[in-house]
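**Q** Line by line, the protein sequences give chains A and B. Residue numbers for the first sequence follow this note's numbering, beginning at 994 and rising by one. Residue numbers for the second sequence follow this note's numbering, beginning at 831 and rising by one.
The set of hints was computed from the structure by calculation and includes no laboratory data. Don't take each hint at face value.
[To be verified] Partner residues are not named here, just some residues of chain B that face chain A (Cβ under 7 Å, in silico):
| id | residue |
| --- | --- |
| 1 | 849 |
| 2 | 858 |
| 3 | 943 |
| 4 | 945 |
| 5 | 948 |
| 6 | 954 |
| 7 | 958 |
[Unchecked claim] Listed next, with one range per pair, are the computed distances between beta-carbon atoms:
| id | chain 1 | residue 1 | chain 2 | residue 2 | range |
| --- | --- | --- | --- | --- | --- |
| 8 | A | 1248 | B | 1035 | 51 to 59 Å |
| 9 | A | 1019 | B | 847 | 30 to 38 Å |
| 10 | B | 962 | A | 1082 | 39 to 47 Å |
| 11 | B | 1031 | A | 1270 | 50 to 58 Å |
| 12 | B | 870 | A | 1170 | 53 to 61 Å |
As the structure is a prediction and not an experimental result, all values here were calculated from the model. Don't be surprised by glycine CBs; every beta carbon is placed ideally from N, CA and C.
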Amino acid sequence: MNGVVEAAAVSKWYGEVLGLNAFTASFGKGITGLVGPNGAGKSTLFKLLIGQLHSDQGKITLLGEDPWNNVSLKRRLGYCPEQNQLYGWLTGQQFVETLLRLDGMPPAKARQEATAALKVVGLSGAAQRPTRGYSRGMRQRAKLAQALAHHPEILILDEPLSGADPAGRVHILRTISDFARDGGHVLMSTHVLYEIERITNNIVLIHNGKAIAAGDIHAIRALIDEHPHAVRIETSKPRQLAQALARMEHVVSFEFPATDTLLVRTRKPDAFYRELPQIVSDTKLEVQGLESPDDSLDAVFRYLVG
Amino acid sequence: MSISLPTYSRLELPLLGRRERVRAIIATGLRREFRRPAAIVVTVIGAAFTTITSIVLLFFAPLFLPGQPPDLTFFAVPASNGFVLFFVSLMAAVIGAGLIADDMQSMAFTLYMSRPITQTDYLLAKAAILAPLVAMVTIVPLLLTALVAALLGRVSWAIAVEAMGISLVIGGLLTAFYTAVTLFLSSLTRRKGIAAAGVFAVNFGLTVPAGILATRIGNPSLLYLSPWDDYVAVASVAFGATPTPIDWLAALAVLLGVTVLAAFVTYVRMKAVEVITG
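Required output: the full structure, derived from the provided sequences and hints.
**A** Here you go:
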């Protein structure tokens, strides 16, 4: 038992709903991706790890300690929640600074570290703007900045790429990689396998509250390639963007579920994500956000769990 | 040739203590309240209205209160000013009801609790945000009334200073009661509207029926159910005025008991709270 995270038969119920079902896994050093569809139990696991939920059964440790009501352990971790924000009227700078003050950082140092963290995530230019005016991707980066700013040992990131624009994704992934390269540990959840593939081979698949597979990403990826992967793109000109994307051979279909949305299905998600920024840049079309619905991953999970 | 791998090192800083961390929550909370027009309006109007009506009573005491001597007992009148009850309820509802409920609803609580602070720190900070604002209605008007009375020569400075001291104590009691009860109600729900309704229910839902029933059936013991009547009973005796129909000591015990119980239950509840969504 010397992993960064050790979970032994951990169960968590929300009333009659089972959030985690005898979840057992050991996460090692470096970056670990936790992949699963929405409702699989990813956020529940993370809440257990940061001590905001208490397990009903089993034992879970983070950095060798029980996280429940463990105040000193919180100094060692940086948490980036999926949806939360503090107060929208706070500027990015104030947002990070406020949370650093809660760590006990002196005001001048908090200001300095907040500025540095916002620079790392590429938000220096927007640091003095209220966060309520941020795009979803910018909010993700601001949350990543507050998670990083106090120099934790481990980052726990709940869907950090959700809704981020292409440029934001690059920034976030680069920041995470740099953090891990410098010796930090990262647990990152996503329901899109291809997002995490860029920064680690070490993943845990979670479904219905159970760890159903763990280890190398490539074998699982091969399975997923058999199922077209869906990407929902928010853009003001979905038809023009579809025209531009049509030249990708691996794109299978387009749908237009809303006037500002394009749904693309591709057989090679990794190539798609790699080529998309260039196409967007060449065509000068604006992309407000990217999201991958669960259905492609769901198909793989159905396959894996029989 | 040697290869050195990068090693990550934590930032080692002389971190400030718990008091500073609580202060950071208070500062953020107060900044939040002073950005809300409703909070500013209620605080300013509440403080102004209760102060002005108390001072008006002072000016026209011979007219409104014939036979009222200009001594310490006079200050029981502004202390039991009905506008205090109204505005303290309004402030508790507008400001206090959302202090915890809003954080739960917006999931800001998740971010707070992901930092090295305890639930006690969080609750102390929330109480420290609400209490001074409630005191603007429960304590400040009484202090100003005593000050103005002394400046105008209506009472001696010795009496005014004594009145100020008593005002601090009984106003503090009322402030503590409303702070504890409001935070308790705010911790029960994610919807501040429900907590605000609870504040009004505790005040008027108990005060009005208790008053009516006590008169109708001739049993003043029912007034113990009304926090306002408990407070007035204590205030009257504290200023040496005619006692109200209920025993001040029992009334004080009710107020203190409810305050401590509300604070304790809120603490236990927050200690065990789990952040379910987000």
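**Q** Compare the structure with the hints numbered earlier in the document and write down the numbers of the violated ones, lowest to highest.
**A** Violated: hints 1, 6, 7, 10, 12.
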